[in-house]
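Protein chains in written order, with numbering that gives the first Met the number 0: chain R, 0 to 410; chain X, 0 to 120.
You may find that some hints are simply not true.
Here chain X is said to cover these stretches of chain R; the calculated rule only asks that three of the stretch's residues, wherever they fall, bring their Cβ under 8 Å from a Cβ of chain X [as the list claims (entries may be wrong)]:
1) 144-152
2) 188-195
Listed next, the in silico DMTMM-like pairs over lysine to aspartate or glutamate satisfying Cα-Cα at most 25 Å (straight line) [claimed, not checked]:
3) X:Lys-116 - R:Glu-176
4) R:Lys-29 - R:Asp-6
5) X:Lys-72 - R:Asp-205
No lab work stands behind these hints, which were simulated from the structure alone.
Note that the structure is a prediction, hence the values are computed from the model and not measured.
Ideal Cβ placement from N, Cα and C applies to all residues, glycine included.
What follows is the residue order along each chain.
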Amino acid sequence: MTELFYDVVVIGGGPAGMAAALAAREKGAKTLILERDVRLGGILNQCIHQGFGLHYFSQEMTGPEYAKRFSDAVAQTDIEVRLEAMALGLGEDRTVSVLSPSRGLEKIRAGAVVLAMGCRERTAGAIMLPGTRPAGIYTAGMAQKLCNVSGYLVGKEVVILGSGDIGLIMARRMTTEGAKVKLVLELMPYSSGLKRNIVQCLEDYDIPIKYSHTITRVVGSPRITGLYYAPVKDRKPILEQEQYVSCDALLLSVGLIPENDLLNGLDIEMSPVTGGATVDERRMTTIDGVFSCGNVLHVHDLVDNVSREAEIAGAAAADFAMGKLAERGKQYAVVAEGDVRYALPQRIHEGGVQKLFFRVGRVVKNCRLVVESGGKTLLSKKYMVLAPGEMGSVDIDASALEGDIKVRLEI
Amino acid sequence: MKELNTICIMCPMGCPLKIVGDGEKVEVSGNTCKRGEIYGKEELLHPSRVITSLVILEDGSVASCKSSSPVPKERIADVVDAISHISAPKTTKAGDVLLKDALGLGVDIIATGVSPKSGLN
Numbered sequence: 000m001t002e003l004f005y006d007v008v009v010i011g012g013g014p015a016g017m018a019a020a021l022a023a024r025e026k027g028a029k030t031l032i033l034e035r036d037v038r039l040g041g042i043l044n045q046c047i048h049q050g051f052g053l054h055y056f057s058q059e060m061t062g063p064e065y066a067k068r069f070s071d072a073v074a075q076t077d078i079e080v081r082l083e084a085m086a087l088g089l090g091e092d093r094t095v096s097v098l099s100p101s102r103g104l105e106k107i108r109a110g111a112v113v114l115a116m117g118c119r120e121r122t123a124g125a126i127m128l129p130g131t132r133p134a135g136i137y138t139a140g141m142a143q144k145l146c147n148v149s150g151y152l153v154g155k156e157v158v159i160l161g162s163g164d165i166g167l168i169m170a171r172r173m174t175t176e177g178a179k180v181k182l183v184l185e186l187m188p189y190s191s192g193l194k195r196n197i198v199q200c201l202e203d204y205d206i207p208i209k210y211s212h213t214i215t216r217v218v219g220s221p222r223i224t225g226l227y228y229a230p231v232k233d234r235k236p237i238l239e240q241e242q243y244v245s246c247d248a249l250l251l252s253v254g255l256i257p258e259n260d261l262l263n264g265l266d267i268e269m270s271p272v273t274g275g276a277t278v279d280e281r282r283m284t285t286i287d288g289v290f291s292c293g294n295v296l297h298v299h300d301l302v303d304n305v306s307r308e309a310e311i312a313g314a315a316a317a318d319f320a321m322g323k324l325a326e327r328g329k330q331y332a333v334v335a336e337g338d339v340r341y342a343l344p345q346r347i348h349e350g351g352v353q354k355l356f357f358r359v360g361r362v363v364k365n366c367r368l369v370v371e372s373g374g375k376t377l378l379s380k381k382y383m384v385l386a387p388g389e390m391g392s393v394d395i396d397a398s399a400l401e402g403d404i405k406v407r408l409e410i
Numbered sequence: 000m001k002e003l004n005t006i007c008i009m010c011p012m013g014c015p016l017k018i019v020g021d022g023e024k025v026e027v028s029g030n031t032c033k034r035g036e037i038y039g040k041e042e043l044l045h046p047s048r049v050i051t052s053l054v055i056l057e058d059g060s061v062a063s064c065k066s067s068s069p070v071p072k073e074r075i076a077d078v079v080d081a082i083s084h085i086s087a088p089k090t091t092k093a094g095d096v097l098l099k100d101a102l103g104l105g106v107d108i109i110a111t112g113v114s115p116k117s118g119l120n
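One chain only, chain R, in its complex shape (with noise of 0.2 Å):
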């Protein structure tokens, strides 16, 4: 087996991987890309909506072109990417296994390594769907990849389970393609997607959207031919009230998991909360020299914000793998209480203006956000509203902290 050293080693050919690695070579890193896909972009690629770019690139775009736009200031660099290339394991010191068709297995030393592997979808078995489970049943994702990458429509009559934005983009997509979207069924009183996305691939098309609502029974064999659904109160689904649509498809957009397998039986910090790994301001794991962005991270409602935090990430792996990384002051945990339901980054080092990101458990109106260190109040910032969909972000003052960040809500 052969043994390579790189700077910095990206894991992961998404937004998140192609931002972190321009940012690390940039700084003069030897930088190595890991794709398991056959190109760069992840999952943009599927993506062929409008949408993407406004704040990075002040100009909308489609996935596609959001993606080639750095794959093609990868190509202009002498960064080195591996495509069909499956991160099989990773160790604490740092230590990468690959294993890829054109060159095997191989052992990987990083001077520092960048984990960007993306998400992946619930399924209908993390959701224990009730029911049989015959064919037709998708996640959102994978009939995005069907639809958009490879020129198949799952269905004709479709419902969907779940607001997410994969699913909301799908009722559209499928909708533009020739399929009726039925229903959409959403288990909370409000949208987990943006609400853009209910108005123009919902409310566009009249898509009925039907909150606090839940599938309680899939029929069909061998493949789907409808689904039982009901009204749900205090999270259980009201029986007497359970109707029946006919449907030949079934999309499902549940909810989104970092894709963290690798970090598996390592000793490593994770939060219960996002999934991920918790981090420092520059996005360092517990791990010395190992840094996540994007949504392995956590999961993201816009790729800009990907790209910002991988820029982060990668450049600090850089100076970590060269040894540059600059002493901070004094580090301090943000803790995120009440409706705020996490906060990150997890740590801070005290030193000038950094961003914090959160998001809240619920929808929430009129309120101001509160970020303290100490007593002493950081900032406080009113909010018309605040919804679990949209991720929020502020700029604190760290330059002069007297105790841990506490982020919460007033009403």
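Mind docking chain X on chain R? Use the hints.
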């Protein structure tokens, strides 16, 4: 006088818009930027959307495409139909114009990317 309450779709902020007016004068409130005001006026008088769809290339691989500018909402289905009749060579690449001036609407259909053939197609 028309009135419309909707959510701005220009960016992920999703500002709640209230749009009141007629052909002469339109007032937009609730927006937090200029783009929202422009969108609000358009949405009341001439709602339109950028369309994204697919073209299957001669060799069976799949190209994604978009309209070069927004299409009036009531013509979306017609434009999608026109896109479905496009035939394009396998050498198609991102940025190529696949259909000029679709249905005389002054909108081009442009390739945004091409997926390599998979085991399915």
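Checked hints:
{"no.": "1", "hint": "144-152", "in the structure": "holds (count 7)"}
{"no.": "2", "hint": "188-195", "in the structure": "holds (count 3)"}
{"no.": "3", "hint": "X:Lys-116 - R:Glu-176", "in the structure": "holds (20 Å)"}
{"no.": "4", "hint": "R:Lys-29 - R:Asp-6", "in the structure": "holds (5 Å)"}
{"no.": "5", "hint": "X:Lys-72 - R:Asp-205", "in the structure": "holds (13 Å)"}
Hint violations for this structure: none, all hints satisfied.
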